[in-house]
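> Sequence:
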Amino acid sequence: LPLGKYIDVKVADHGMRSVTAVPYPLDPNTATMNLLQTVPGIGKKVATRIVANRPYKDLKDFMEKLESMGIESKNVIKWFT
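So the sequence shown is numbered by the numbering used here: it starts at 1184 and just counts up by one.
The set of hints was computed from the structure by calculation and includes no laboratory data.
Any given hint might turn out to be false.
With a Cα cut of at most 30 Å, we get these calculated DSS-like pairs of lysine-lysine [said to hold, decoys possible]: (1) Lys1248 <-> Lys1193; (2) Lys1248 <-> Lys1228; (3) Lys1243 <-> Lys1257; (4) Lys1193 <-> Lys1261; (5) Lys1248 <-> Lys1188; (6) Lys1240 <-> Lys1257; (7) Lys1227 <-> Lys1248; (8) Lys1227 <-> Lys1240; (9) Lys1193 <-> Lys1257; (10) Lys1243 <-> Lys1227.
Take these sequences, add in the hints, and give me the full structure.
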């Protein structure tokens, strides 16, 4: 991100002196592997599957593909557009 640019984010994790945030809403068609893995409930395997199944027509298509991968979409869908 360019210095001084404002964006909306959703906090994914925090520590004593740090905050991990994800741009909100997140686009499943353009999000990087590292960014996808930042979302709670998405690890390396799931992120790989999400990237491999691109492109997604819309949010409904994305949710259906998550469910077909055995991932509960209700837990991760709140992070996406």
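> All hints, please: hold or fail.
Results of checking the hints against the structure:
1. Lys1248 <-> Lys1193: At roughly 23 Å apart (the allowed maximum being 30 Å), Lys1193 and Lys1248 satisfy the hint.
2. Lys1248 <-> Lys1228: At roughly 14 Å apart (the allowed maximum being 30 Å), Lys1228 and Lys1248 satisfy the hint.
3. Lys1243 <-> Lys1257: Holds. Lys1243 to Lys1257 sits at ~12 Å (cutoff 30 Å).
4. Lys1193 <-> Lys1261: Answer holds: Lys1193 to Lys1261 is near 10 Å, not above 30 Å.
5. Lys1248 <-> Lys1188: violated, 33 Å
6. Lys1240 <-> Lys1257: holds, 18 Å
7. Lys1227 <-> Lys1248: Given that 30 Å is the threshold and the Cα spacing comes to 17 Å, the pair holds.
8. Lys1227 <-> Lys1240: Given that 30 Å is the threshold and the Cα spacing comes to 23 Å, the pair holds.
9. Lys1193 <-> Lys1257: Holds: Lys1193 and Lys1257 sit about 16 Å apart, inside 30 Å.
10. Lys1243 <-> Lys1227: Holds, at roughly 23 Å.
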